[in-house]
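**Q** For reference, the chains in residue letters:
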Amino acid sequence: MLIGIPLDQKRNDTRQPKECSAEMSAHLDTVAKQRCKVSFSKVFSYFAPRLRSYALKQMGNEALAMELVQDTMSNVWQKAHLFNSEKGSPSTWIFTIARNIRFDMLRKLQNRKEDVCSDDLWPVLCEQTADTKTAPLDEQITLEQVGHYFDDLPVKQKKVIEAIYISGKSQQEVADELEIPLGTVKSRTRLALQRLKDMLKEHD
Amino acid sequence: MIKLHPTDSDLVDFVEGTLSPAKSLLVSAHCDMCNCCREKSEIFTEQLASKVFDEPEQSTSILSDFVNMFSEITEDEELASTNNNGILANPSNVLQQIIKNELRDSRNHPNLTKSDALYLDGRKFILPKTLIRFTDRLGEWSKLVGKLWQAQIDIGNGQLAQFIYMEKDGSIPEHTHKGNELTLVIDGEFSDGISQYDSGDYINLNSSHTHTPCTASEEGCLVFSVIDQPLYFTSGWAKLVNPLSNLYFKVNSGQSISISKS
Ligand SMILES: [Zn+2]
Chain A
1 MLIGIPLDQK
11 RNDTRQPKEC
21 SAEMSAHLDT
31 VAKQRCKVSF
41 SKVFSYFAPR
51 LRSYALKQMG
61 NEALAMELVQ
71 DTMSNVWQKA
81 HLFNSEKGSP
91 STWIFTIARN
101 IRFDMLRKLQ
111 NRKEDVCSDD
121 LWPVLCEQTA
131 DTKTAPLDEQ
141 ITLEQVGHYF
151 DDLPVKQKKV
161 IEAIYISGKS
171 QQEVADELEI
181 PLGTVKSRTR
191 LALQRLKDML
201 KEHD
Chain B
205 MIKLHPTDSD
215 LVDFVEGTLS
225 PAKSLLVSAH
235 CDMCNCCREK
245 SEIFTEQLAS
255 KVFDEPEQST
265 SILSDFVNMF
275 SEITEDEELA
285 STNNNGILAN
295 PSNVLQQIIK
305 NELRDSRNHP
315 NLTKSDALYL
325 DGRKFILPKT
335 LIRFTDRLGE
345 WSKLVGKLWQ
355 AQIDIGNGQL
365 AQFIYMEKDG
375 SIPEHTHKGN
385 ELTLVIDGEF
395 SDGISQYDSG
405 DYINLNSSHT
415 HTPCTASEEG
425 CLVFSVIDQP
435 LYFTSGWAKL
445 VNPLSNLYFK
455 VNSGQSISIS
465 KS
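Chains as they are written, first to last, in our numbering: chain A, 1 to 204; chain B, 205 to 466.
Please keep in mind that the hints were generated in silico from the structure rather than gathered at the bench.
Keep in mind that the hints are not guaranteed to be accurate.
Said to hold, decoys possible - Not the full set, but computed from the structure, chain A residues with beta-carbon under 8 Å of chain B: (1) A48; (2) G88; (3) K108.
What the hints assert, rightly or not - Covered stretches of chain B, as calculated for chain A (at least 3 residues, CB under 8 Å): (4) 219-233; (5) 252-259; (6) 269-277; (7) 332-340.
From the three backbone atoms N, C-alpha and C, an ideal C-beta is built for every residue, glycine too.
Could you put the whole structure together from the sequences, leaning on the hints where they help?
**A** Right, dumping it as structure tokens:
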């Protein structure tokens, strides 16, 4: 779990983002390229508690606030490759992710169905080019092999994939059912599909 | 030249995500057209972000929550333990579904299905990119009284958003507004006895305004309009151009509101 990964919570980091913006950018870069948990722990330790304070003020509810923090930081972990230090600071990027998630959470709480969603207004996390043009699945691969690969998926990813692709549930339904944030469902789906594709490619 | 912009406080609310969805849509589309407001929005976003993250953080009591959260977030990528709870479905179905999904995703790719322009009256209107995302939800164009055309976009419960096109010499009888009616001029110009409006102008009209919009422009004029308060669809564009539909007079409870005729 967290072996060897310190969360610098107790250090009471009083630096301002401007002072450590370059440092945080570098950490995000390492997260993107190497999936480095140590770097992510630095980013997480700095931003998560501050985000929680903000969310608590905004939503007035501990559970919602923590959901917002988790969903936001989960996106930071999954989508660090979309951060571009030339376009802005890490704090601005993370703020916009949190803002989008909060906007959608509030809409959901108000039971709005067809509506304007945050991606329509602020496409902060749209994968413009990255994922869309990966090679199509090779149909030569035998079903047995896919079954085998599928077994190798993490249990949590498997559950989400099954609910969506076998039971035909929407991502929102899966989120409600498993009581996890929508963003987590999305990222698990994405990771699982990516992993399956990678495994199929490696096989070639 | 754009003369009318959202207020700074609207822009701040917009970037913070606290403006209503309908109003956010219009502000976002305005920012697509207006460099000045787009730059302001970016600055306001940075300011809000540094307000949130500049504060030194004191709390230590919730450390364990964060430790759990951290591992929850990062363990998604760890390889699974071997137990799969026996819920594994037929792998061939999984493969088929994944392939189907890939195909669907590629069909839904915005660049393939969403048009970046509206074609009307033999003309092509380039849309702000925020509104391009909604072109696949655009209803049919219908011709209305005078020289007006209208097409609605479904943005959900009780919220009306629509494009209105005024042909040359088109006009709308004098009327007032209840609630906030926000209008963005997409292309063309019109006047209303109060002001002259041009492409990009962000027009916020409320009950204190009485006006008579008309366009004398050779090109006609395309506007996009939203009503901020669904209860007040009793006047303005909404009433004049759409007096027949009850659809938009429903509030969230599903209860109909009678339309007052004046
Ligand atoms: Zn402006």
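**Q** All hints, please: hold or fail.
**A** Right, here's what the structure says about each hint:
no. : hint    : verdict
1   : A48     : 6 Å, holds
2   : G88     : 7 Å, holds
3   : K108    : 12 Å, violated
4   : 219-233 : holds (count 8)
5   : 252-259 : holds (count 7)
6   : 269-277 : holds (count 8)
7   : 332-340 : holds (count 3)
Of the numbered hints stated above, the single one contradicted by the structure is hint 3.
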